[in-house]
Amino acid sequence: MNPAKSLITLLVFSLSASAFYLPGAAPHNYRQGEKIELYVNTLTPILSANDDAKLKSLINYDYYNPKFHFCQPEDGPQARPEGLGSILFGDRIFNSPYDIKMLQDNATCKTLCVIDAVPPEDAKFINDRIREDYALNWLVDGLPAAEMKVDSGNEELFFDMGFNLGNDDTPNSEHRPTLNNHYEIVLRYHKFSETEYRIVGVLVWPFSIGGPQTESSTCETDSLPLYLDENQTQAIRYTYRVTFNESDTPWATRWDNYLHIFDPRIHWFSLINSIFIAVFLCVMVSMILYRSISRDISRYNAIDMSEDVQEDWGWKLVHGEVFRTPQNPMLLSIMAGNGVQLSAMVAVTLVFALLGFLSPSNRGSLATVMMICWSFFGSIGGYTSSRVYASLGGLDKRKNSFLTATLLPTFVFSIVFLLNLCLLIAGSSGAVPFGTLLLIIVLWYGVSAPLSAIGAYFGSKHGAIQHPVRVNQIPRQIPPVPKYLRPWSAALISGILPFGVAFIELYFVMSSLFASRAYYAFGFLALTSGVMGLTTATVSILFTYFMLCAEEYRWHWRAFLVGGGNAFWLFIYGIFYWASRLSLDSFSSVALYMGYLFLLVLLDFLVTGTIGFLASYWAVRKLYSSIRID
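Per numbering that gives the first Met the number 0, the very first residue in the sequence shown carries number 0; after that it's consecutive.
Please keep in mind that the hints were generated in silico from the structure rather than gathered at the bench.
Any given hint could be a false lead.
List time: in silico BS3-like cross-link candidates among lysine-lysine, alpha-carbon distance up to 25 Å [said to hold, decoys possible]:
| # | residue 1 | residue 2 |
| --- | --- | --- |
| 1 | 34 | 109 |
| 2 | 123 | 53 |
| 3 | 100 | 190 |
| 4 | 460 | 621 |
| 5 | 100 | 55 |
| 6 | 34 | 123 |
| 7 | 34 | 148 |
| 8 | 148 | 53 |
| 9 | 55 | 190 |
| 10 | 55 | 66 |
| 11 | 398 | 460 |
| 12 | 66 | 109 |
| 13 | 123 | 66 |
| 14 | 396 | 460 |
What follows is a list of derived Cβ distance ranges for each label pair [unchecked claim]:
| # | residue 1 | residue 2 | range |
| --- | --- | --- | --- |
| 15 | 74 | 105 | 20 to 30 Å |
| 16 | 244 | 409 | 13 to 23 Å |
| 17 | 103 | 586 | 46 to 56 Å |
| 18 | 194 | 580 | 48 to 58 Å |
| 19 | 74 | 245 | 51 to 61 Å |
| 20 | 27 | 104 | 13 to 23 Å |
| 21 | 397 | 464 | 32 to 42 Å |
| 22 | 211 | 586 | 37 to 47 Å |
| 23 | 324 | 416 | 34 to 44 Å |
| 24 | 244 | 174 | 36 to 46 Å |
All C-beta atoms in this analysis are idealised placements derived from N, C-alpha and C, irrespective of residue type, glycine included.
Please work from the sequences and hints to get the whole structure.
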């Protein structure tokens with residue numbers, strides 16, 4: 000096939016994959032008068048549409064936290080069972096007292112309940128959460144309740160998931176926030192048959208209604224707002240009104256309004272920018288290596304081996320040192336094994352996302368697939384680590400197998416456990432329950448570790464990779480190398496290009512992780528990740544070649560650092576994102592952000608460092624297998 004046509008086909012597929020999904024669950028057909036369950040989820044801080052707005056907290060709160068004084072069902076809240084990924088992402092879903100029946104009581108004002116006494120300290124707690132832009136999250140028939148908004152970039156309507164707990168920008172003389180205690184609920188339905196209907200959209204407009212908080216109050220949304228008094232006890236009346244609107248949207252595409260990609264031109268710019276950088280870099284590196292190495296190889300191989308004098312220079316001078324065992328081969332092989340395991344997890348997860356299997360209706364499916372893939376790909380990590388360790392001259396295979404299976408999970412679990420303690424201290428519902436932590440331990444140490452040991456066993460059976468040249472018994476001296484080839488300088492310089500490939504898409508990923516914004520442009524993300532991996536491999540090969548030409552044969556760790564150099568720029572970008580988009584005041588929120596950012600940087604360093612190391616290993620073997628060594 001024509002390469003240009005192939006590229007165009009790939010780009011078109013990426014665009015379609017960015018919005019493609021499978022429904023993930025069978026539709027529920029409602030009959031007139033049938034009860035429609037409304038479930039409530041955690042309260043989360045949101046980033047408003049204002050360009051100058053900043054996220055003010057990272058703490059989630061349980062909907063039925065006693066300090067909020069929301070109306071509860073008569074029999075008490077009942078938790079809805081959720082999957083592993085949903086729990087890890089902070090979902091805590093309960094039933095609610097809302098009485099909604101299909102196509103009944105249309106546009107009828109109803110009183111949900113009256114809270115007789117909200118103490119001043121709880122009123123202050125609620126007002127503080129309103130100032131921090133917290134949002135309520137409801138679920139109806141698997142769809143999140145949303146507010147209808149207009150994308151200022153292309154004037155398209157979309158559903159923005161969640162709605163405000165209250166308002167802090169309402170003009171008033173005392174600069175007090177107002178609490179939204181009335182909800183206009185609009186259920187959009189599609190008529191499936193003469194007697195059956197399907198929910199295809201859930202919209203909520205919250206209002207603040209003040210005045211006498213009694214049963215006789217009305218639902219007039221143009222009345223004075225409700226202020227919570229922080230000096231005395233007061234009552235709150237919660238009301239709602241349900242309106243049913245027929246829609247032409249079929250059930251299979253009901254998520255299209257929710258999965259809105261803001262300004263897709265930015266994603267396209269990011270992707271095209273990444274491809275141009277990668278193509279330019281690959282062409283440049285190929286020309287340099289092809290012209291230089293081909294000339295050197297022809298020159299070396301043309302030497303008459305019968306002569307007593309043979310002149311070596313450049314990278315051929317270190318042919319007897321290039322495969323010498325580096326420092327800490329155990330740690331290097333463990334990091335490479337875990338990096339391959341993480342790379343396989345990311346690749347398979349992106350494939351599932353592109354094929355549409357990670358349906359948004361299956362909450363937490365992304366995290367669940369990632370956890371399962373990580374656990375079952377332990378065999379790949381163990382196999383890679385064992386073979387790399389043997390190739391580097393390592394002898395303690397059992398220790399290598401044990402540490403490969405346990406070192407990274409233990410380190411990550413320790414950090415997650417400390418962050419979980421911060422959530423518990425802050426009273427957040429996002430704290431992972433003990434049972435879920437136990438399940439993670441079982442997955443990592445009961446599934447991944449044994450599979451890693453099996454992979455290490457087969458890796459040991461295959462043995463070390465045969466090197467094309469012998470290693471000298473006495474190491475040669477290393478001349479001073481240029482400053483730009485020193486380990487940390489090379490890592491910082493080389494990391495700019497891979498980071499430049501992905502930094503635009505990185506903004507949307509960070510907003511999804513920390514600002515509770517849905518991300519579903521997996522087509523762009525997959526192509527950007529592939530181009531970034533190619534760029535990382537190319538840069539690492541280039542710097543390794545420069546190091547060998549400078550007679551610096553200790554390339555193993557340097558190749559890993561060069562490949563993972565973009566992790567430093569990722570950390571700098573994380574600090575910039577904090578300064579530009581976050582305004583965190585509490586210690587818990589700061590600890591959470593820095594902890595999650597550190598984990599993100601660590602995992603990125605392992606993945607890209609492994610790509611750089613393995614690409615350099617392959618290039619070095621190809622290079623030295625192409626020349627004659629006397």
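Hint-by-hint comparison with the structure:
Taking the CA atoms of residue 34 and residue 109, the gap is about 16 Å. The hint holds against a cut of 25 Å. Distance hint between residue 123 and residue 53 is fulfilled; the C-alpha atoms sit about 21 Å from each other, no more than 25 Å. With a CA separation close to 15 Å, the supplied pair residue 100 and residue 190 stays within the 25 Å bound. This hinted pair checks out: residue 460 and residue 621 have alpha carbons roughly 24 Å apart, not beyond 25 Å.
For a cut-off of 25 Å, the pair hint linking residue 100 to residue 55 is broken: about 37 Å separates their Cα positions. Using a Cα cut-off of 25 Å, the hinted pair residue 34 and residue 123 is violated, with the two alpha carbons roughly 36 Å apart. About 28 Å separates the Cα atoms of residue 34 and residue 148, which puts this hinted pair outside 25 Å; it is violated. Restraint check for residue 148 and residue 53: the C-alpha separation of about 19 Å stays at or below 25 Å, so the hint holds.
Simply put, residue 55 and residue 190 have alpha-carbon atoms about 42 Å apart, too far for the 25 Å limit, and the pair is violated. A hinted pair counts as satisfied when its Cα atoms are at most 25 Å apart, and residue 55 with residue 66 qualifies at roughly 19 Å. Only pairs whose Cα atoms come within 25 Å are accepted, and residue 398 paired with residue 460 is accepted, the gap being roughly 16 Å. Taking the CA atoms of residue 66 and residue 109, the gap is near 24 Å; set against the 25 Å cutoff, the hint holds.
Proposed proximity of residue 123 and residue 66 is supported: the alpha carbons are some 10 Å apart, at most 25 Å. Restraint check: the Cα-Cα separation between residue 396 and residue 460 comes to about 11 Å, which is no more than 25 Å; the hinted pair holds. Our hint of 20 to 30 Å for residue 74 and residue 105 holds, since their Cβ atoms are close to 27 Å apart. Roughly 53 Å separates the CB atoms of residue 244 and residue 409, a value that falls outside the hinted 13 to 23 Å.
Between residue 103 and residue 586, the C-beta spacing of about 49 Å keeps the proposed range 46 to 56 Å intact. At roughly 49 Å, the beta-carbon separation of residue 194 and residue 580 lies within the given 48 to 58 Å, and the hint holds. Distance hint for residue 74 and residue 245: a CB-CB separation of about 33 Å, inconsistent with the stated range 51 to 61 Å. For the pair residue 27 and residue 104, the supplied restraint of 13 to 23 Å holds, since their beta-carbon distance comes to about 20 Å.
Look at residue 397 against residue 464: about 20 Å separates their beta carbons, and that is not inside 32 to 42 Å. Hint check: residue 211 to residue 586, Cβ distance near 41 Å, so the stated range 37 to 47 Å holds. Against the hinted window of 34 to 44 Å, the Cβ-Cβ separation of residue 324 and residue 416 comes to about 36 Å, which satisfies the hint. Here the CB-CB span from residue 244 to residue 174 is close to 37 Å, well matched to the stated 36 to 46 Å.
In the structure shown, a violation is registered for the earlier hints numbered 5, 6, 7, 9, 16, 19, 21, in ascending order.
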